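Spelled out, the chains give:
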Amino acid sequence: MQNGKKWRFKMTPFRLLLIVLVLIAAAAAIYRFVYGLGAVTNLSDEWPWGLWIGFDLFCGIALAGGGFSTALIVHVLHKDKYLPIVRAALLTSLIGYVIALVSLFLDIGRWFNFWRPFFYWGYHSVLFEVFWCIALYTTVQVLEFGDIFFERVNCPSLKKLLGVFMTPLLIIGIVLPTLHQSSLGSLYIVAVDKLNPLWWSMIIPFFFVWSAFFLGPAMVTIEGTLAARAYNREPETDLYSSLTKVTMWMMIIYFIVKMGDLAYRGVFSTAFNGSYESNMFLIEMIVFVLLPIVMYATPSIQNKLSGVLTASILVVAGVVFNRMNVVFTGMAKSVGGSYFPSIWEWLITIGMWSALVLVYCFVVENFPILPKEEPVSHGKPFGTGFHA
Amino acid sequence: MMSKGVLVDVTRCIGCRSCMVACKTWNDLPPKKTTFSNTWDSPGKIDADTWTVVNYYIIEEDGQVKWRFVKKQCMHCNEPACESACFTHSFVKTKEGAVIYKPTVLNQDYCVGCRYCMIACPFGVPAFQWEKAFPYVQKCKFCYERLQEGMKPACVTACPTGTLKFGDREELLAEARERIDSNPNYYKKIYGEKEYGGTSWLYISDVPFEKIGFKEDVSQKSIPSYTWDVLKWTPYIFFGWGAVLTALRAYTKRRAEVHNEEELYAPVEKD
Chain A
3 MQNGKKWRFK
13 MTPFRLLLIV
23 LVLIAAAAAI
33 YRFVYGLGAV
43 TNLSDEWPWG
53 LWIGFDLFCG
63 IALAGGGFST
73 ALIVHVLHKD
83 KYLPIVRAAL
93 LTSLIGYVIA
103 LVSLFLDIGR
113 WFNFWRPFFY
123 WGYHSVLFEV
133 FWCIALYTTV
143 QVLEFGDIFF
153 ERVNCPSLKK
163 LLGVFMTPLL
173 IIGIVLPTLH
183 QSSLGSLYIV
193 AVDKLNPLWW
203 SMIIPFFFVW
213 SAFFLGPAMV
223 TIEGTLAARA
233 YNREPETDLY
243 SSLTKVTMWM
253 MIIYFIVKMG
263 DLAYRGVFST
273 AFNGSYESNM
283 FLIEMIVFVL
293 LPIVMYATPS
303 IQNKLSGVLT
313 ASILVVAGVV
323 FNRMNVVFTG
333 MAKSVGGSYF
343 PSIWEWLITI
353 GMWSALVLVY
363 CFVVENFPIL
373 PKEEPVSHGK
383 PFGTGFHA
Chain B
33 MMSKGVLVDV
43 TRCIGCRSCM
53 VACKTWNDLP
63 PKKTTFSNTW
73 DSPGKIDADT
83 WTVVNYYIIE
93 EDGQVKWRFV
103 KKQCMHCNEP
113 ACESACFTHS
123 FVKTKEGAVI
133 YKPTVLNQDY
143 CVGCRYCMIA
153 CPFGVPAFQW
163 EKAFPYVQKC
173 KFCYERLQEG
183 MKPACVTACP
193 TGTLKFGDRE
203 ELLAEARERI
213 DSNPNYYKKI
223 YGEKEYGGTS
233 WLYISDVPFE
243 KIGFKEDVSQ
253 KSIPSYTWDV
263 LKWTPYIFFG
273 WGAVLTALRA
283 YTKRRAEVHN
293 EEELYAPVEK
303 D
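Protein chains in written order, with my numbering: chain A, 3 to 390; chain B, 33 to 303.
Just so you know, these hints were derived from the structure itself, not from any lab. Among the hints, erroneous ones may be present.
Here are some of the chain A residues that sit facing chain B, going by a computed Cβ distance under 7 Å [stated by the list, open to error]:
#1 12
#2 39
#3 47
#4 128
#5 233
#6 373
A short list of chain A residues far from chain B (calculated; beta carbon distances all over 10 Å) [claimed, not checked]:
#7 22
#8 162
#9 209
#10 247
#11 285
#12 288
#13 355
#14 359
These figures come from a predicted structure and were not determined experimentally. Yeah, the Cβ is synthetic: ideal placement off N, Cα and C, and Gly gets one too.
Could you build the full structure based on these sequences and the hints that come with them?
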């Protein structure tokens, strides 16, 4: 879309509500910076990490996994048929990372020192790797997005410059998330003897990066369906059905490795000892891993939008459930005390995710993100015209 | 200088809490308002202004009721989890044996306040100043400035029963071994000798450590070594995975050049 066109953002009652939620969160955030974490959160010495880290950061980053998995499928493996969804995936991923960074900034006590890790190399800390990778990857995503930005905001010289660097950016833009998605899991390796052995493992980094990757297609399915509904478009059911096959196969491998790991460490039987942790683990495995695998494997479910969507929602909810189990369920017994987020923690979290929806809407309405609607064939939106 | 340590002989503690008072006094820590309760534990747990506590345990063994009092504070690990977890080097294990938090002890303020040290510590020691706008992490610093002057930690000087003994860690280990070998009442273990790679503070007791608030069946490998086993792969993954991706991208780049991506996408209209 060319220059000269005005920025637009159509106000609706729902969007107005979201704006109000963002403003409430902003006010709460200011209060937090003035009066400290104790004044707004229910965090304690037993529970130093709560909703903002457990959900906004751990889940926000995982849910942004759609960015790097579609980038790998489309830009590295050149599966061109998925081109229509790649920009939307990049966009949600980018906004997800910004949310994670904002929540991190809110959560750290001495926020004015946030830049220190760039200069004091605590390379022996997993957090050091997480911090560097997330900071660099967010930058990479901004640059990748710059390519799209300069289609709308005319600046040929910058666009050309970015174009030159696009291949290394794309590669680094997959390597970095591979590293920090896994490192988010490695963060909990220090919690040996604290995190329940159903989740603690030396290969927890593999489980984290693998699940963030297989979550990608499921997330793209959900986002795509939501966007289609919001903008009265045809959802790309065919694409979702074939893309989520990747998820299915990866989840099968995930499940096998998980079981093998439990057996290897000799804790397999603790999954059935009836404790709270074991029940949560069984729910995670049966409802959020095995069930979606079966649904994806059943053609009559998989080829229908409602079917593939339901299975994908289970996958995404399952990854969130897994992260919550690691951060909260698995740690509860050893750290003691209790934690439930305060109303302010909830409001700030809700405000941040509302901001995500607003930014997404603004961007897709002003930048070329979603595929052009082809008036001719709905089932197959892109003919050979775009291909050689 | 040899690495220092303290030997805590649980059998000798009478629960007077002079150590707690000495700690508060020497470190100029504000008192905590406590409430009356039917326990002897108050305030019960370490926090940002209370770096040591004495917990009590009632143990029934062979029809006998035993009262035991156990001083808790930072264990000062030989290879501290907090030090390895910190991405700004805000903790350091000094040659004297103390594990100190540099922002407050050395006035080197790099701490971001992320609290990963609190997740990492296997003993749940580092505490956070939740009520402050610019909080620090706080914990026992083994009276580092006293150690440098060749003095004992404040708590040790205050102990009237000889429960706490300060000295070189190696010598204390030898003494602990002698005490538990020469008296059959002792539980045959020195807590801190091997736990998580060993700690500067060592405990001996006549009741199993499980019953006085210690996790017994813990790793003897230090926590930093666990982390390093994973982190050391980072550069290989970075370059190896990058090379694989570059090769794959080049290999599959058959028709990619033909796209005109800009014609594929368009802004959408909200109606």
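We went through each hint and held it up to the structure:
no.	hint	result
1	12	4 Å, holds
2	39	6 Å, holds
3	47	5 Å, holds
4	128	6 Å, holds
5	233	5 Å, holds
6	373	6 Å, holds
7	22	19 Å, holds
8	162	13 Å, holds
9	209	13 Å, holds
10	247	18 Å, holds
11	285	24 Å, holds
12	288	29 Å, holds
13	355	20 Å, holds
14	359	13 Å, holds
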